[in-house]
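Participant: Numbered by the working numbering, the letters in the first sequence go through residues 110 to 538 in order.
There's no promise every hint is true.
[Unchecked claim] Distance condition first, Cα-Cα at most 30 Å in a straight line; then the derived DSS-like pairs of lysine-lysine:
hint, residue 1, residue 2
1, Lys129, Lys234
2, Lys243, Lys416
3, Lys332, Lys269
4, Lys129, Lys241
5, Lys461, Lys490
6, Lys182, Lys161
In case anyone wonders, no lab produced these hints; they're calculated from the structure.
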Amino acid sequence: MLDIKLIRQNPDLVAEQLQKKKFTLNTAEFLTLDAARKQAEADSQSLQAERKQASKKIGELVKQGTPVEEAKKTVNETLAKIETQLEALKQKAQQASDALHNLMMEIPNIPDDDVPAGDDENANKEILSWGKPKKIDFEVRDHVDIGTELGGLDFDLASKLTGSRFAVMSGGMARLHRALTQFMLNTHIVDHGYSEIHVPFIVNAESLRGTGQLPKFADDLFKLEGEQNYYLIPTAEVPVTNIARDRIFEAKEFADGLHFVCHTPCFRSEAGSYGRDTRGMIRQHQFEKVELVKMVRPDQSSDELEKLTLHAEAILQQLELPYRKVILCGGDLGFSALKTYDLEVWLPGQQKYREISSCSNMGDFQARRMMARWRNPETNKPELLHTINGSGLAVGRTLVAVLENYQTADGRVEVPEVLKPYMGGISVL
RNA sequence: GGUGGGGUGUCUGAGUGGCCGAAAGAACUGGUCUUGAAAACCAGCGUACGUGAGUACCCAGGGUUCGAAUCCCUGCCCCACCGCCA
Numbered sequence: 110m111l112d113i114k115l116i117r118q119n120p121d122l123v124a125e126q127l128q129k130k131k132f133t134l135n136t137a138e139f140l141t142l143d144a145a146r147k148q149a150e151a152d153s154q155s156l157q158a159e160r161k162q163a164s165k166k167i168g169e170l171v172k173q174g175t176p177v178e179e180a181k182k183t184v185n186e187t188l189a190k191i192e193t194q195l196e197a198l199k200q201k202a203q204q205a206s207d208a209l210h211n212l213m214m215e216i217p218n219i220p221d222d223d224v225p226a227g228d229d230e231n232a233n234k235e236i237l238s239w240g241k242p243k244k245i246d247f248e249v250r251d252h253v254d255i256g257t258e259l260g261g262l263d264f265d266l267a268s269k270l271t272g273s274r275f276a277v278m279s280g281g282m283a284r285l286h287r288a289l290t291q292f293m294l295n296t297h298i299v300d301h302g303y304s305e306i307h308v309p310f311i312v313n314a315e316s317l318r319g320t321g322q323l324p325k326f327a328d329d330l331f332k333l334e335g336e337q338n339y340y341l342i343p344t345a346e347v348p349v350t351n352i353a354r355d356r357i358f359e360a361k362e363f364a365d366g367l368h369f370v371c372h373t374p375c376f377r378s379e380a381g382s383y384g385r386d387t388r389g390m391i392r393q394h395q396f397e398k399v400e401l402v403k404m405v406r407p408d409q410s411s412d413e414l415e416k417l418t419l420h421a422e423a424i425l426q427q428l429e430l431p432y433r434k435v436i437l438c439g440g441d442l443g444f445s446a447l448k449t450y451d452l453e454v455w456l457p458g459q460q461k462y463r464e465i466s467s468c469s470n471m472g473d474f475q476a477r478r479m480m481a482r483w484r485n486p487e488t489n490k491p492e493l494l495h496t497i498n499g500s501g502l503a504v505g506r507t508l509v510a511v512l513e514n515y516q517t518a519d520g521r522v523e524v525p526e527v528l529k530p531y532m533g534g535i536s537v538l
C-alpha cells in the first residue's frame, strides 16, 4: 500500500510514476473519494462529540442524584438528533472509508528511479552475463527427453495421479532434486548467514493481503474448501514476510535486520497461462523453492537487495550454470515491487535464458499493509520497515537447468561437483 | 470433540457501566548525581484520521444503553485439564 498522504499531496506525480508500471491511477476518483470520506467523517465525528458531551452531562446529573429519566430530558434535543442522524452518518463515513481503502489496496507500488521504462519483458535490461553456454557437439535434448529416457521423471504418471502441470520424480532424479535443495539451504545458512525457518504451507487471507497477492490476484491462488479462508502458499514470501505483521521490532534486535531462508513447496493455479510452457517442469502447479526474505531498516534496503541477489547468483555460479541478470522494466515489474532483478539460467533445450530467480525490494509497500515496524532509535518512534525477497533458487527449474546443461552424448547427466557430497557417491545419473 | 480460564499500550499487568486513552512496573528517551558506568531520583513516553476543536481504537464482528475496555451474542486465537488420534 502506498502512503495516502503522498497521493493526496502529489496526485499527478504519483499517477505519472505509476504509469511507468502501466497502471492508470484515476486521480479524480481518488480525490473525490478522499474528500467525501473526510466530509462524512467530520459530520459523523461532530455528532459523536455532541453525544459524548450529552452523555457526560447525564452522568454528572445522575451522580448528583437526579433520576436518569429526568437527566435525559435536559439533553432531549441532542438525543433526538442523534437518534435520527448518527447511525446513517456513521454508515456513510464507514462506506466512504472502506471504498477508499479498497482503492488503496489495488494501487501497485511505485517503481524505483533505477527501473527502466518499458511495456513488457522485452524491455528488461541485461546488467550482467555470467558463464558461457557449453558447446554441445551432439543432438541437444531437453529435460523432458533426458528425464524420460533416463527414467526418474514421469509426467504421464503425474497426470494420472492429479492432472497436467505436475511431475513425479524417482530414484536418482528425486535425490538430485533433494540434493539441490540441501545445497541451497546449506549455502545460504552457512556462507550467507541466513536463519533457517520452517513455516506453514497454508495461510489465511490476511497474510496474502499483507504481501499483496490479495485482493487483486486471487485467481492465481489455490483456495481450500471449508469455512476457513485458507490458501496454499504461492511462495514462502507470504508466510515468512508476514512474520513481521502487526509487530514492532526493537532497535536492538533489528540492528542488522532479519534474514530468513525458507524451503517450501509453492502452489500456483497458473490461470491465464494455458498455452505457455505446457511441456516439462518449467511451469508447474506445484514446485519447490528456497526463498530468501529480509526485513531491514529503510536506509539499508537498497544495499540489501544487491546482496540478496548476489546470494542467489552464488548458487548458479557454484553449480556452474550460465546465467544473466536483468533488471525488470516498469511494465514487467510485480504489483508490490519497487525494483526487481531476475536471474535467468541458460537452458540448452530451449536455447534460451529462462527465469530461475526473482529478487525484489518492496520498500515499505508490504510493511504498510502489514503494519510491520521497527523502533527507529533516532526518533524512538515505530517506523515502517522494508521487505525484500528473492528465490535462491526455484528448485524445479534448477533441476531442469542441471539436466540440460550437464547432459552427455550418451543421454546421461553428470552430477555437478558441488552436489556430489549430497549424492552418496553417484557422479552420473 | 468436551469443560474451565483468558485475549488491555513495546512488554508485564490493573481496571467489571460515566471520574478510562486507560493504574502500576519494565523497557525506552532526556535530565540530576558520578572521573566514567551502574544504582538512585526527576521528567517524558501509543496509533490513525483531522488545519484545529475533535473522533476512533482495550482480539474481531454484531447487540443492549443517553453512555461500553467493562454487560449480552457470534467468531477467531491462547492457556489448563479430559477424550480421541498421529
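Participant: The structure should be examined with respect to each hint, and the outcome stated for every one.
Facilitator: Evaluation of the provided hints:
1. Lys129 - Lys234: Holds - the C-alpha atoms of Lys234 and Lys129 are around 15 Å apart, at most 30 Å.
2. Lys243 - Lys416: With a Cα-Cα distance of about 28 Å, the restraint between Lys243 and Lys416 holds, given a limit of 30 Å.
3. Lys332 - Lys269: The hint holds at about 22 Å.
4. Lys129 - Lys241: Violated, at about 33 Å.
5. Lys461 - Lys490: Roughly 49 Å between the alpha carbons, so the hint for Lys461 and Lys490 is violated.
6. Lys182 - Lys161: Since the Cα atoms of Lys182 and Lys161 sit roughly 16 Å apart, the hinted pair holds (cutoff 30 Å).
When the structure is compared with the earlier hints, violations turn up for hints 4, 5 and for no others.
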